[in-house]
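Protein chains: 2
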Amino acid sequence: MRRVAVIGTGHSKFMFNSEKTSTEMMAETALDALREANVQPKDVQAFFLGNAWGDFEEGQATLQTYIANEIGCFNIPATRVEGACSSGTMAAREAFVWITSGLYDIVLVGGVERATTLPVPLATRVFATCADSRYEYPLGFIYPASFGMLCHLYSKTHGIPLPRLKEMMAGVSVQSHEYAMKNPYAQIQKPLTKEDVLNSPMIATPLQLHDCCPFTDGAAAIVLAAEDIAKKLVEKPVYIAGVGQASAGRISSQADYYPRIRARELSSQQAYKMAGLTPQDIDVCELHDCFSIAAIIAAECLGFFEFGTAGAAWEKGATRADGKIPINISGGLKAKGHPVGATGVGQICEITYQLRGQLAEQGRQVEGAKYGITDTMGADGVVTNVILAAQ
Amino acid sequence: MRRVAVIGTGHSKFMFNSEKTSTEMMAETALDALREANVQPKDVQAFFLGNAWGDFEEGQATLQTYIANEIGCFNIPATRVEGACSSGTMAAREAFVWITSGLYDIVLVGGVERATTLPVPLATRVFATCADSRYEYPLGFIYPASFGMLCHLYSKTHGIPLPRLKEMMAGVSVQSHEYAMKNPYAQIQKPLTKEDVLNSPMIATPLQLHDCCPFTDGAAAIVLAAEDIAKKLVEKPVYIAGVGQASAGRISSQADYYPRIRARELSSQQAYKMAGLTPQDIDVCELHDCFSIAAIIAAECLGFFEFGTAGAAWEKGATRADGKIPINISGGLKAKGHPVGATGVGQICEITYQLRGQLAEQGRQVEGAKYGITDTMGADGVVTNVILAAQ
Chain A
31 MRRVAVIGTG HSKFMFNSEK TSTEMMAETA LDALREANVQ PKDVQAFFLG NAWGDFEEGQ
91 ATLQTYIANE IGCFNIPATR VEGACSSGTM AAREAFVWIT SGLYDIVLVG GVERATTLPV
151 PLATRVFATC ADSRYEYPLG FIYPASFGML CHLYSKTHGI PLPRLKEMMA GVSVQSHEYA
211 MKNPYAQIQK PLTKEDVLNS PMIATPLQLH DCCPFTDGAA AIVLAAEDIA KKLVEKPVYI
271 AGVGQASAGR ISSQADYYPR IRARELSSQQ AYKMAGLTPQ DIDVCELHDC FSIAAIIAAE
331 CLGFFEFGTA GAAWEKGATR ADGKIPINIS GGLKAKGHPV GATGVGQICE ITYQLRGQLA
391 EQGRQVEGAK YGITDTMGAD GVVTNVILAA Q
Chain B
31 MRRVAVIGTG HSKFMFNSEK TSTEMMAETA LDALREANVQ PKDVQAFFLG NAWGDFEEGQ
91 ATLQTYIANE IGCFNIPATR VEGACSSGTM AAREAFVWIT SGLYDIVLVG GVERATTLPV
151 PLATRVFATC ADSRYEYPLG FIYPASFGML CHLYSKTHGI PLPRLKEMMA GVSVQSHEYA
211 MKNPYAQIQK PLTKEDVLNS PMIATPLQLH DCCPFTDGAA AIVLAAEDIA KKLVEKPVYI
271 AGVGQASAGR ISSQADYYPR IRARELSSQQ AYKMAGLTPQ DIDVCELHDC FSIAAIIAAE
331 CLGFFEFGTA GAAWEKGATR ADGKIPINIS GGLKAKGHPV GATGVGQICE ITYQLRGQLA
391 EQGRQVEGAK YGITDTMGAD GVVTNVILAA Q
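From first to last, the protein sequence lines are chains A and B.
Residue numbers for the first sequence follow the working numbering, so the first one is 31 and each next one is one higher.
Residue numbers for the second sequence follow the working numbering, so the first one is 31 and each next one is one higher.
Derived from the structure by calculation, the hints contain no laboratory data.
Honestly, I wouldn't trust all of these hints.
[Stated by the list, open to error] Only pairs whose alpha carbons sit at most 20 Å apart, straight line, appear in this in silico SDA-like list of lysine to any residue: (1) B:261 <-> B:68; (2) B:50 <-> A:164; (3) A:50 <-> B:279; (4) A:303 <-> B:132; (5) A:400 <-> A:311; (6) A:72 <-> B:295; (7) B:220 <-> B:392; (8) B:400 <-> B:299; (9) B:224 <-> B:244; (10) B:50 <-> A:168; (11) B:72 <-> A:283; (12) A:303 <-> B:134; (13) B:303 <-> A:135; (14) B:72 <-> B:135; (15) B:72 <-> A:284; (16) A:50 <-> B:165; (17) B:224 <-> B:346; (18) B:50 <-> A:166; (19) B:303 <-> A:105; (20) B:72 <-> B:264; (21) B:303 <-> A:75; (22) B:72 <-> A:300; (23) B:50 <-> A:279; (24) A:303 <-> B:133.
[Claimed, not checked] If we take Cβ atoms under 10 Å as the criterion, some of the chain A residues that face chain B in the derived model are: (25) 84; (26) 85; (27) 109; (28) 116; (29) 120; (30) 130; (31) 132; (32) 160.
No residue lacks a Cβ here, since even glycine has one placed at the ideal position from N, Cα and C.
With these hints in hand, go ahead and build the complete structure from the sequences.
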């Protein structure tokens, strides 16, 4: 199979209340990625965009076509993919196949969301359009409720009393805030203590405010290229070693498997298999911590810890930059932010920075990282993983 | 390149006011397609769905994941693509690349829309989310207005007085209604005369009601497979010989090129080149007649007629089933209907029927058709073309 590399990255600051439109945010970061990749807009053969709700947020669907035109990529195929919070990674996976197939050599990938245009109650409703709308959303299964339920299930399944689990979950958020303070792109840059988490307002029992990621505006972009071209254009291409994607039905169809997420286990297995790697080979991970419990579950499903042990691992520092498996050294969705369509592309940028070794100045470089994995989960189980390799 | 074939089709009746949800419509047609392809749900390796506004129509985004689960395609990668009215064809093009790359062997493609859940004023607003929302929609550039403007431009550019052009345009709608009456899947099955068109209510000068396609609910599905597998499963696989896709900026960026649609010319050139064919080789065409003027422009951009001559060609019968280039023998968007996400997949079904030679009973078979092309245009110029070959 023809190898595909990341040769350029662009990353907006993740924030509340962007004054720029999605098209403007995306155009800026896309042009940054092209500059870093040493390619001109006319060299780009296709554009894939992850975006979940441009129609609700700005009255703008099909924004990929206007963005392509805006940055001078005239008339190229421009495709928007939507899989809720996995949209960005799905866009990257489509770009990957067009290059590995030999049909294209250079493809631009973007992700963007401007969720904070919406007032919180409406944003919550719009996000819930990705939950099953006929049977489960009407019963109250918006995402905080679903993940609240997963806390209870996790507690019961693994025999960890809820107060103890909540302490572990708090540790996840605390670590994320600590690293976000070192990440200039992060949305929330203030310290957080375990007490802050446990004293924060209740959202959906047992999830409190600081167990939950924020609504976010932001954009991220990467340029992908075939290996031979990548080597000519940049000094340190970072390769896509494996990709995986899986889906799931509504929550009720997954009841017997919960709190494990089967789609994540299958998706990551696809990626590991394609890369010829195992979880033990991975040096750094960006995973989908939309809620603190989600991080714990994801780390286990990705194969880093035995089931029921990830919360304790976080407490022991195993997930820190110098730990056994550094996780969300960016600040994660919790503190770096979660601009839905951009989240997965932002994760690929972050792992690229780590594998290039460019984060020492920020005090959050994972030393000697050679392999990294990204993980996004949309809706009730649209999971996409990308494994990146330093060479 | 590994050849890819259509081995199964599923097609709902296109209609007003479906009582079924998008998920239900899509599941039914997908299962029909799997049956026709002689494959089981467990054989399907991925699902690509074209859908434009499930979130607005039913409060349901990310519906691909629930549909995959509903039909027993558990945990497969399921990806929704959105490019307005091109969404379905874009889904087919993504499926194509995954098979031609060798990564998958059997992939399901679906398209669905349930637009008539929305009252007409709201549907019109929702459709307009695909127009440029910052500069052009606020000026009134909803689609009837845009295509109304194209009538004036076409009239001026080609020196055809507007009343004469309107007669030609009426001929497009009349032919579509005639063939739709022979198509059991068609939404509108009643005769239409030129006088009916010219006496119908004015929508956006000079477009009258019967120059415009209706809002539609419906679904369509195809199963794609690699050539070697296709030959084992079905008697008459129909091959995808070429695909093309191109984008465009907002209307104002295209002013110098209008009334020609540059994205369409580039997209179809890609498809012709991949197929090693020219417009003269094509035996049957399904093109995007969202408005009667759109059909005339599309037929010219696809290379079937000199610019400024397609309207007269329609009048002379060149586009009839026994004409020089049979166009929209299904009834087209005007009368077969236009369930946005499903439209392109429905076109591929229709060309597949024609190339299999199975429409004689319906009295609308294009005799000896070997090559067919589909054409969809979303928003202000997201164009996708697929060329199909009987062998």
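Which numbered hints are broken by the structure, listed smallest first?
-> Failing hints: none at all.
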